[in-house]
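Based on these hints, arrange chain B on the given structure of chain A.
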Amino acid sequence: MSPEKKKMKNSSIMSDEQQFYKHLQARHRRGRIGTAFNMLSIAVAIFALIALFYNVANEAFGTVGIVNTIEPETLTNGRPLDDLSNDELSTILADNVGNRLRVLIRDTISQVAVDEFTSATVADIVGDANVDPVIADQLLKDITVEQQASLLANYASTDTLRDLVLTEVVEQQLIASFSLSDTIFNFDAIKAEIEGTILDDYKAKSDNPDATVEIIRFYSWLSSDFISSPMSSTPALAGIRTALIGSIGLMVIVILVALPVGVGAAIYLEEYASDSFINRLIETNVRNLAGVPSIIYGMLGLAIFVRALAPFSSGLIFHYNFDVPTVDTVISRIAPLLDDEIVVTNGEIINNGDTLDTQATQRVVDTFLYFGTPTLSMMGNSPITDLANSLANALNTSVDVVQVGNSEDADIEIKGNFYTFDVVDAPVTDDIFDALMTSLIRINSFSPNGRTLLAAGLTLVLLILPIIIINAQEAIRAVPYAIREASYGLGATRWQTIWNQVLPAALPGIMTGTILSVSRAVGETAPLIVVGASTFLVTDPNSPFSQFTAMPIQIYQWTSRPQGQFADIAAAAIIVLLTLMLSLNAVAILLRNRYSIRY
Amino acid sequence: MAIQEKVQSDTQLALELKNVSVFYGSFRAVADVSLPIEKNKITAFIGPSGCGKSTVLRSLNRMNDLVVGARVEGQINYNDKNLYDSDVDPVEVRRRIGMVFQKPNPFPKSIYDNVAYGPRLLGIKKKDVLDDIVESSLRGAALWNEVNGDLNKSGLALSGGQQQRLCIARTIAVEPDVILMDEPCSALDPIATQRVEELMRELQDQYTIVIVTHNMQQAQRASDYTAFYNIRKTIDDGIETRWGELVEFNETKEVFHNPAQQETADYIAGRFG
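Going down the list, the protein sequences come from chains A and B.
Residue 211 in our numbering is what sits at position 211 of the first sequence, and the numbering runs on without skipping anything.
Positions in the second sequence are counted from 1; adding 1000 to them yields our numbering.
Extracted from the complex, chain A is given alone in its bound form (with noise of 0.2 angstroms):
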């Protein structure tokens, strides 16, 4: 603007005098129409906020109506539960249970592995030498339904016996649900419905006639039980458990490979990269892959983790839940085959049956050691013609592998396929190879499952990444560039001068971006249905390489199952997962506000 122009603008204003106050009545009024506006947005916010609080609350507590499928009293002849011995408890179960016995036995007093069970004696299950030594050295399956009753009322607690009876044999069922604002407002009315015509139709559908129900009002489908147990098909025992420990799992990896990975290269980034095309190009492209959407990364996932790297994400080349077969594993599943007896000593093999020589019983386990032993460049099922020529070869002999198609020609099936093989000449029977090629075939046929934990946690660190990355650089940015003169000026090495000044500066913020990203990542749902987060699971992850479901997953899962009370734990659910992210958003806060530097 030119002095001159200036001049008569100043001028004009200040001679108008009303047109300044008309001005300023304008000028207020817009001040005070985008206020208006601000706070119109404040309370929609909070209106929003309100309706979710509402709407959750109102599912995930209630009323419902509990009736019992036998009455406690017909079981004890009107004693109360409580005043029961552990001998009439058990009884109890005894009575009414029956085989499933043993079932209970394995999940509440048992002292070995579930895998061993089956084939452990007594003494070993009880874990307790001197148990009755009738029974001792027995299996459980061998002795009676008495017998076991008594160890569950010598080794189970009076409560855990209690619980087993409530749920195994009284079996209270829900008939009923309301939602929290009807308990609130409309009590009477859905008492008068659950004793009525709810009850009526359970008495129709079961051969219960003498039914009651129970209802309690302000019933909360949040509670420890819903925490501690795993998934289940019935919504009053289903737990988050398993989804809570797999989302937990999840923030785990993601924390430890999402954090040093996303610093890094934010430090690369900001200290050392120069302003060139490459660098400038890697910059755009992180930026802008904050933005793709994370279904996307859960094709990448998929592609990548699961499928690609399926050995590692499965554990298979740790040889994780995979036994490599030894010399003694191999000969302990070939010699009954055989009918042979076979030794190992000072580790050669001696074979002194009929059916093969040492030499071929050499040949034999070596082709078992080998097909049997995953290796990266070997994984998996081989071809059944590549199994059987080999077996043959170690045989001595050469076989006709035929593919048929009818099971009743058949010598095995393998995935639906059916073979016929015939030996060309001695020393084996077809039968014998038949068995032979069935036990190897089933030490080969492990076949990697990437859908794992750590293969989920990877897809949701490359989804967070980018954020990560960003945010840190942000973080880096901010210290003061008089503080690593400082230190250059002392005569620190740049990596002196970023270990000891840049990132203990930048730290607190980086962790925030950190915190609040994972926060996002244990949100996120779709990656995780892409990669093939399990459905329904009812045991824990316990490794990198198990099996998973989180609570997202879940909660959505449930909610669209049909039956209203998959609705209602969906929103208990959604109560502990809220409840998990605030607590990482407060620990965020914290952090920022307890180490952030001012200057």
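Treat the hints loosely; a few may be bogus.
Claimed, not checked - In silico EDC-like cross-links for lysine to aspartate or glutamate, where the CA-CA straight-line distance does not exceed 20 angstroms:
| # | chain 1 | residue 1 | chain 2 | residue 2 |
| --- | --- | --- | --- | --- |
| 1 | B | K1103 | A | E485 |
| 2 | B | K1233 | B | D1266 |
| 3 | B | K1109 | A | E485 |
In short, the hints are calculated from the structure, not lab data.
Nothing here was measured: the structure is a model prediction, and the numbers come from that model.
Below, chain B alone, put in the same frame as chain A:
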């Protein structure tokens, strides 16, 4: 090659600049500076803003290397070795030639850790050795009596003048030969300024000091030699090109009382700049 290993020559020069020009990209900020910096003396760089005195100062310990595109031509000799030779490690240069900055910039750490930072970089880990260095450096920077017993306090909690003396203590903790000071008092009040000037005189026995200052009185009071820089410009096709040049270098009292150049006299008299 280690610049310290050179046999100490008889020269009384700590640094010697020969035809030094500093470029930022294609822009020549300072042209053709030649001057000697004598050992255990205080040399002041004065001149108007933009004359390149800070640029020259920062090229003396290769601080300019940190600026993308910065480049130095000519020679800066230290113990007869050009600091810009390809076999010289800038990390070693900065350890020998320390620097105090315009704005006090203590690390966001305790006073102790601030002073011990340099020695720790060099690999000194023993607690008692570090204790000794911290105490002697703080004494050397005339700060010991004010902070003794409070060494775990954050360096940022000190006053501006104390912070600047902490930065000086931090610099002398690695026992450099030369200390470069880039307008060390411009953010300080007159009393704090006086303390720093007194300190410079005390440090002079052990260190060579080069100081950039805007304060004419400070240069006159506190320095032995003074270099006056000025801005040169040409206009070519309407495009103005500016650069800095060394106008006059001499003993301080000569420069202030008997300047050889008219523009020096004008600047000192306050007629421009």
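Results for each hint:
For the given pair, K1103 (chain B) sits about 11 angstroms from E485 (chain A) by alpha-carbon distance, which is consistent with the 20 angstroms threshold. At most 20 angstroms may separate the alpha-carbon atoms for a hinted pair to count; K1233 (chain B) and D1266 (chain B) meet this at roughly 18 angstroms. As the CA atoms of K1109 (chain B) and E485 (chain A) are separated by approximately 16 angstroms, the hinted pair is consistent with the 20 angstroms bound.
Hint compliance for this structure: every hint is met.
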